[in-house]
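Order-wise, the sequence lines are chains B and W. The first sequence finishes on residue 543 if you use the working numbering, and the numbering steps up by one all the way, no holes. The second sequence finishes on residue 543 if you use the working numbering, and the numbering steps up by one all the way, no holes.
Because the hints were derived from the structure by calculation, they are not lab data. In this text, a Cβ means the ideal position worked out from N, Cα and C, and glycines have one as well.
Calculated cross-link-like contacts (lysine to any residue; reagent style SDA-like; alpha-carbon spacing at most 20 Å):
id: 1; chain 1: B; residue 1: K201; chain 2: W; residue 2: R204
id: 2; chain 1: B; residue 1: K242; chain 2: B; residue 2: S307
id: 3; chain 1: W; residue 1: K274; chain 2: B; residue 2: G25
id: 4; chain 1: W; residue 1: K201; chain 2: B; residue 2: E371
id: 5; chain 1: W; residue 1: K274; chain 2: B; residue 2: P34
id: 6; chain 1: B; residue 1: K209; chain 2: W; residue 2: N6
id: 7; chain 1: B; residue 1: K274; chain 2: W; residue 2: A10
id: 8; chain 1: W; residue 1: K274; chain 2: B; residue 2: E9
id: 9; chain 1: B; residue 1: K46; chain 2: W; residue 2: R333
Derived list of chain W stretches under chain B, where covered just means 3 residues or more per stretch with a C-beta under 8 Å from a C-beta of chain B:
id: 10; segment: 27-37
id: 11; segment: 190-203
id: 12; segment: 314-326
There are 2 protein chains.
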Amino acid sequence: MAQFMNSKEALVIEALDGLLRSSGGRLARLDGFPHIKVIVRNDWEKSKVALISGGGSGHEPAHVGFVGAGMLTAAVCGDVFASPSVDAVLAGILAVSGPAGCLLIVKNYTGDRLNFGLAAERARAYGIKVSMVIVDDDIALPDSPQARGVAGTLFVHKIAGALAENGASLEIVAKAAQQVIDNVASVGMSLDTCTVPGSPKEARIAEGKAELGLGIHGESGVELIDFTTARDAMNIMLERLKPNIGRSINVALLNNLGGTTPLEMSVLAEELAKSEVIDDIQYLIGPAPLMTSLDMRGFSISILPVSAQGLALLQAPVAIRDWPGCIQIEAPRIRPIPDGLTPIKSIPSKDPATANFVAHCCDMFMEAETELNALDAQSGDGDTGATLAGAARALKASIDQLPLADTTQLYRAIGLELSQTMGGSSGVLLAIFFSAVGDALSSGMPNVEALKAGLARVQEVGGAKPGDRTMIDALGPALDALPNGFTAAARAARQGADMTAQIVKAKAGRASYISEDRLRGHNDPGAEAVAKLFEKMSTISAS
Amino acid sequence: MAQFMNSKEALVIEALDGLLRSSGGRLARLDGFPHIKVIVRNDWEKSKVALISGGGSGHEPAHVGFVGAGMLTAAVCGDVFASPSVDAVLAGILAVSGPAGCLLIVKNYTGDRLNFGLAAERARAYGIKVSMVIVDDDIALPDSPQARGVAGTLFVHKIAGALAENGASLEIVAKAAQQVIDNVASVGMSLDTCTVPGSPKEARIAEGKAELGLGIHGESGVELIDFTTARDAMNIMLERLKPNIGRSINVALLNNLGGTTPLEMSVLAEELAKSEVIDDIQYLIGPAPLMTSLDMRGFSISILPVSAQGLALLQAPVAIRDWPGCIQIEAPRIRPIPDGLTPIKSIPSKDPATANFVAHCCDMFMEAETELNALDAQSGDGDTGATLAGAARALKASIDQLPLADTTQLYRAIGLELSQTMGGSSGVLLAIFFSAVGDALSSGMPNVEALKAGLARVQEVGGAKPGDRTMIDALGPALDALPNGFTAAARAARQGADMTAQIVKAKAGRASYISEDRLRGHNDPGAEAVAKLFEKMSTISAS
Numbered sequence: 001m002a003q004f005m006n007s008k009e010a011l012v013i014e015a016l017d018g019l020l021r022s023s024g025g026r027l028a029r030l031d032g033f034p035h036i037k038v039i040v041r042n043d044w045e046k047s048k049v050a051l052i053s054g055g056g057s058g059h060e061p062a063h064v065g066f067v068g069a070g071m072l073t074a075a076v077c078g079d080v081f082a083s084p085s086v087d088a089v090l091a092g093i094l095a096v097s098g099p100a101g102c103l104l105i106v107k108n109y110t111g112d113r114l115n116f117g118l119a120a121e122r123a124r125a126y127g128i129k130v131s132m133v134i135v136d137d138d139i140a141l142p143d144s145p146q147a148r149g150v151a152g153t154l155f156v157h158k159i160a161g162a163l164a165e166n167g168a169s170l171e172i173v174a175k176a177a178q179q180v181i182d183n184v185a186s187v188g189m190s191l192d193t194c195t196v197p198g199s200p201k202e203a204r205i206a207e208g209k210a211e212l213g214l215g216i217h218g219e220s221g222v223e224l225i226d227f228t229t230a231r232d233a234m235n236i237m238l239e240r241l242k243p244n245i246g247r248s249i250n251v252a253l254l255n256n257l258g259g260t261t262p263l264e265m266s267v268l269a270e271e272l273a274k275s276e277v278i279d280d281i282q283y284l285i286g287p288a289p290l291m292t293s294l295d296m297r298g299f300s301i302s303i304l305p306v307s308a309q310g311l312a313l314l315q316a317p318v319a320i321r322d323w324p325g326c327i328q329i330e331a332p333r334i335r336p337i338p339d340g341l342t343p344i345k346s347i348p349s350k351d352p353a354t355a356n357f358v359a360h361c362c363d364m365f366m367e368a369e370t371e372l373n374a375l376d377a378q379s380g381d382g383d384t385g386a387t388l389a390g391a392a393r394a395l396k397a398s399i400d401q402l403p404l405a406d407t408t409q410l411y412r413a414i415g416l417e418l419s420q421t422m423g424g425s426s427g428v429l430l431a432i433f434f435s436a437v438g439d440a441l442s443s444g445m446p447n448v449e450a451l452k453a454g455l456a457r458v459q460e461v462g463g464a465k466p467g468d469r470t471m472i473d474a475l476g477p478a479l480d481a482l483p484n485g486f487t488a489a490a491r492a493a494r495q496g497a498d499m500t501a502q503i504v505k506a507k508a509g510r511a512s513y514i515s516e517d518r519l520r521g522h523n524d525p526g527a528e529a530v531a532k533l534f535e536k537m538s539t540i541s542a543s
Numbered sequence: 001m002a003q004f005m006n007s008k009e010a011l012v013i014e015a016l017d018g019l020l021r022s023s024g025g026r027l028a029r030l031d032g033f034p035h036i037k038v039i040v041r042n043d044w045e046k047s048k049v050a051l052i053s054g055g056g057s058g059h060e061p062a063h064v065g066f067v068g069a070g071m072l073t074a075a076v077c078g079d080v081f082a083s084p085s086v087d088a089v090l091a092g093i094l095a096v097s098g099p100a101g102c103l104l105i106v107k108n109y110t111g112d113r114l115n116f117g118l119a120a121e122r123a124r125a126y127g128i129k130v131s132m133v134i135v136d137d138d139i140a141l142p143d144s145p146q147a148r149g150v151a152g153t154l155f156v157h158k159i160a161g162a163l164a165e166n167g168a169s170l171e172i173v174a175k176a177a178q179q180v181i182d183n184v185a186s187v188g189m190s191l192d193t194c195t196v197p198g199s200p201k202e203a204r205i206a207e208g209k210a211e212l213g214l215g216i217h218g219e220s221g222v223e224l225i226d227f228t229t230a231r232d233a234m235n236i237m238l239e240r241l242k243p244n245i246g247r248s249i250n251v252a253l254l255n256n257l258g259g260t261t262p263l264e265m266s267v268l269a270e271e272l273a274k275s276e277v278i279d280d281i282q283y284l285i286g287p288a289p290l291m292t293s294l295d296m297r298g299f300s301i302s303i304l305p306v307s308a309q310g311l312a313l314l315q316a317p318v319a320i321r322d323w324p325g326c327i328q329i330e331a332p333r334i335r336p337i338p339d340g341l342t343p344i345k346s347i348p349s350k351d352p353a354t355a356n357f358v359a360h361c362c363d364m365f366m367e368a369e370t371e372l373n374a375l376d377a378q379s380g381d382g383d384t385g386a387t388l389a390g391a392a393r394a395l396k397a398s399i400d401q402l403p404l405a406d407t408t409q410l411y412r413a414i415g416l417e418l419s420q421t422m423g424g425s426s427g428v429l430l431a432i433f434f435s436a437v438g439d440a441l442s443s444g445m446p447n448v449e450a451l452k453a454g455l456a457r458v459q460e461v462g463g464a465k466p467g468d469r470t471m472i473d474a475l476g477p478a479l480d481a482l483p484n485g486f487t488a489a490a491r492a493a494r495q496g497a498d499m500t501a502q503i504v505k506a507k508a509g510r511a512s513y514i515s516e517d518r519l520r521g522h523n524d525p526g527a528e529a530v531a532k533l534f535e536k537m538s539t540i541s542a543s
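Just chain B, same shape as in the assembly (with noise of 0.2 Å):
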């Protein structure tokens, strides 16, 4: 079982009551449950239009969470992907109907259309006034007679919802929300399917590609794309919706379809506010998962043109924990960085050959990127090689700008730049021990004394010894044997970074949260970017 759940049977039936016991008292169900699966606002009390929304689940927030005062009344729930039941829908109508009637917001799928549709008639006959309206924003298919009803559908919970909590009439409810639905078009995104509970995950988009025009139910979408970057993803999206924008005001939802991660959705928002496909977005919806279909990795963006009018009730406030709000988009606010941070630089100086030694030094890590990466994969989080490459990329830019022919400012500078460049314990300890070797080297120690004093003041900041599987297991043997020349101190290095393959219980750093067998027969990563350093040295050296 790929999923947290005890069966498939009863996933939605066991989802719901979790979420009814953790709503805080907000929200009930109905009385035949679980065949009857309705939700409904718990202080209702049908002095105004109900809004009824639902059909299958497995696009959480919606509809549930979305219940609540200036948004839903109830949602009806079917099984993951299934329409509610004819009776579940007539439960729900006849559970929050009051004098002024209710508006069904159905997507537009047969299931729902039949089971809502059926239900308002015989509610109809109980003498109930209900009004429905078919969301078909989905513009993935132009010719479709059938478009569908995908994350648009929210701009009708919140516009008919305000209305109706401002104590609109049903007539002018529903007017508004067939209003929104002509003019709402969302298209959908993603780089893989999702996870259907109780059914294999189907393979379907091969790494590279995207579906563009997809639905919320796992169902392919209309054109297999190349997928190159996120700015490309957005641009041709917003490609697509350029025809449904308005003259003034334009709002957009940006919907996570449920299997992308927030720093993802975070740069779509980024590149949609940056776009030049379009310039007349003002508002944003989002990012957020708002109508998900299961794990989706993929988003969707919706456009709907509004007036001052439907900008206010979107804007409108709501205590619906799910809603995102509908916010102006605006250019990052920037504070000034605090008088005294910015270091003093050092005056640069060149020396060739110290270049020429520091660029192979650099080039080394970068090469071996990928190497210290998979080495750290064993024991942490696989990015030794990323960080170490990522610095020396850095550095090497700023050669030019360093004080090559001042041994002891360089080792500073080295430090400084270090600091600002690396993130990671690896980080901050070489720029102690870059600085602290500076700062003994202007003491008037000799170079191999500064190095060991580099060393200890990084073994007195980090903690770590000797034999606990750091780089200094290398580092410590390599400056030793230092005296005798770059080739018997990176044989030392080399000898000291092997050995940590045969250390099994780490001390310090993150492989001390990992099992024996992990780490058995792999060397430390940073114990490894030590060595080859040191080998490297000693070929240029020999050079």
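Got chain B sorted already, so can you dock chain W onto it with the hints?
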């Protein structure tokens, strides 16, 4: 590239800018970006104790998502899973600390400890009052000298944040933070590893297995265990946390590690609430993504025993969207089902031959579940088999309650049963079919004519015509051939079903969204189900 990004180097930088653009002016970043990635409250006036947290990115909404009144004043962000630099932390401290000083809330990782620690030292040299606490809530490795900081950090943010917001002194805020750290315990579990941007995904956890006791940086869990159900998973986790439970009030924080769907998280909340392993948890934060590990399909639980004052601080309102609140766990509230909905049950009667016939037909649908699902996956969401098998199971289970001796009532009863147990469009349409056949029979129409009347009503409501690639393409020919017996009907149904494989322009149902080459060569699952039913009926009637 498996992520929506432009490059792994720009990922965090662009994500932060995207987040700022969509923050509605609540947040700003410090100058010095992107080397210095510090996000601060834009309304901060340094009149109270400042709270600074941060660390590597990839844990969203932590930490930027919790910047705001009542929680953090600033978040210092590193690259994905990499600590920010000393300079970045120092910039954050200098930017937000006033006379009341600041508290650094740091998770116990070497890099964060070093960078935040050295920055604190440097800030103190500027005369700033700085305290620092190290969160080490992970209990996965009981003997580790270096327990990791994970989702329990949120308790520290919230309690220290509420105190600082109330105007408490740095000493009091730091002491309360340390007290939370002394008492909080967390443990995590995952079904899959996370995808580190720019690195290939490690396929580490086999199907049917879960890692228990894992951190938030993709490192392996302490134990690989068998995964069976959400219930077992929850009880295993709670068993580990049992020694950390307090005597009076206990608050659980249920954290989505990133890739778990809301449905699954709600099931886990339900299991947490129902578990007998710990029956003293009265309050819940979540379920929600709070401290994630990119897209990791896992969750963690943190437990904090609190005093009444601690609970009040956890419940103090904040205007931070990503904070789910701290609510009292309660039983699901239930509202009565409205009058008039409970359907009138028909009077059961016996007829062994009919019972046998119905039971065999039900068996057929149960056996065909996988095959029909696979067929439906070609054109839809792969649930036709499951939907039909579910209804068949329910129908077979209620066979003794059916009016088996009264054909007219039997059709109506089956229609009613299907309308209650079967979701999706097929559920309604079959319910309509059986009800309409019952109505026709009751008006004295002969059998085959009544069945045709049922089909006509289905076409009328559903809107599908022959040749539209629906079950009608098998049912129509079968009913036409039925006067010649079941064998002839079965043959006609089979021919009609097989013909649907050639219909590549579906005009109704979900198949109408699918491209032609995905449909070609595959029978419509509804038509195939009808063909199978008639084939089964011909063997029953022949036996």
